[in-house]
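Chemist: This is what each chain is made of:
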Amino acid sequence: MIHKYKLNGYNIVLDTNSGGVHIVDDLTYDLLDNVEAPFEDKCPRNVVEKLSRFYPEEDINSCYDEIVQLYNDKILFSEDDYEKFAKYSVASPVKAMCLHIAHDCNLRCEYCFASTGDFGKGRKLMSFETGKKAIDFLLEKSGDRENLELDFFGGEPLMNFNVVKQIVEYARSREKEFGKRFRFTITTNGMLLDDDKIEFINKEMSNVVLSIDGRKDVNDNIRKRVDGSGCYDVILPKFKKLVEKRGDKEYYVRGTFTKHNLDFSEDVFSLYNEGFDQISVEPVVCEPEAPYALTEKELSSIFSEYERLSARILENEKHGGKFNFFHFMLDLDQGPCAIKRLRGCGCGNEYVAITPDGDIYPCHQFVGLEEYKMGNLEDGTFNLDMKAEFAASHVYTKPECKKCWAKFYCSGGCNANNYIYAGDIHNAHKFSCQLEKKRLECAIMMKAARLECEIAE
Amino acid sequence: MKHIKTINKANLKETAKKGGCGKCQASCQSACKTSCTVANQKCER
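Here the protein sequences line up with chains A and B, keeping their order.
Residues 1 to 457 in my numbering are what the first sequence spells out, letter by letter.
Residues 1001 to 1045 in my numbering are what the second sequence spells out, letter by letter.
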């Protein structure tokens, strides 16, 4: 399976099964519409005749030879022989956990998928006792996995920061005994950040996600305090301080774009101009009826904006500027292995979410969906059948994914989105797919452009 | 090659043979939290 497209002056051909990425001339681009494996020694006469109206016959033949060579090198029209690996997709140790430390929030962001923090289940803070049980659960279920990930999530985790500190201390105290290494992360809206919290976060958290939507008016229009006023002026200086003191450790400023800011590249650059260099701005996930929802109607605008953003980033790089945009980051040589790409995010199998009551869900997006409650830390239940169901969910059990060129990049997409918006974890949420594919096309084009720049230098 | 420039060196198929060690990050534990992208992650082996 190949996927070819034109973007920003480049003709790009992607070979799905090998991950091969090729920049081709117009002749190759057109020739690929007319030939397919298995190949003959020479370009079929009818194809040569058809294209010789536009290209010299000699070039058509030499181009055909190059295509055949790449086919023989197994990086063009390569075979899909991954299904045999997919069969080994069985239950794995639990290695990552999203800890809902606070089902409460001090902001009232209109688009919040957590129903302004409580996930529709009432405002609650996690106790240290429950947090401790979560750590014990992770230690017990993690088998031979050495790196354990624990994300403090909410609601707003800083509303229960003493418990965050206690849990970190407890987890660290057990690392040696179990031969594990905890990697903590925290996602915060920044309202309660102060010097002490910044110091603790920068010391203990391997990644921190700072929620801010970009331009002040865009942010304040939707990320509101309880009194209705915007939060931008409070959070921006705190985020700057945190990042300044953080050194080389990972962080992201992370925004959401909606129908109200389809010119979201302005928000990305607003964050960049404020001094941030690790930026993620992502499409809102919500019911299509919501006033800020992104729908099919907005699709062409979003596509154009992703193209504009990718071109602006490249232009910025030409002038020496540099930042990472999370959804355009792609490592074509050192990325995840094919097995990881088959399995996807790992929710419900390698990854679970824990609520303040100790309820276990496949991930934070499933929290509150009773049919997907996997168990509870207090009563020791953990539904292994459901875990096995998630373990067996991969790109080859998702009919639409199986035949999609992007399957090894998104790995079957978000199971929660699939369930909530398409009715089943195995049904692709087509709207998300379309955005994902556009982002990939942009990201791959950027690789081509950067390579060209390097060559020119 | 005159007509085609290949820009990556790795072949995904090679990674299938020795892959699946599970040392890498769970995909949603990074910036995302709302949309799944796996290919932007690192192999940690």
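Among the hints, erroneous ones may be present.
Claimed, not checked - Here are the simulated lysine to aspartate or glutamate pairs, DMTMM-like style, with alpha carbons at most 20 Å apart:
#  : chain 1 : residue 1 : chain 2 : residue 2
1  : B       : 1018      : A       : 79
2  : B       : 1005      : A       : 66
3  : A       : 42        : A       : 57
4  : B       : 1002      : A       : 298
5  : B       : 1017      : A       : 81
6  : B       : 1023      : A       : 144
7  : A       : 4         : A       : 83
8  : A       : 249       : B       : 1014
9  : B       : 1005      : A       : 65
10 : B       : 1018      : A       : 81
No lab work stands behind these hints: they were computed from the structure.
Given the structure is predicted, the values throughout are model-derived calculations rather than measurements.
Chemist: Could you work out which of the previously given hints the structure breaks and list their numbers from low to high?
Modeler: 4, 7 and 8
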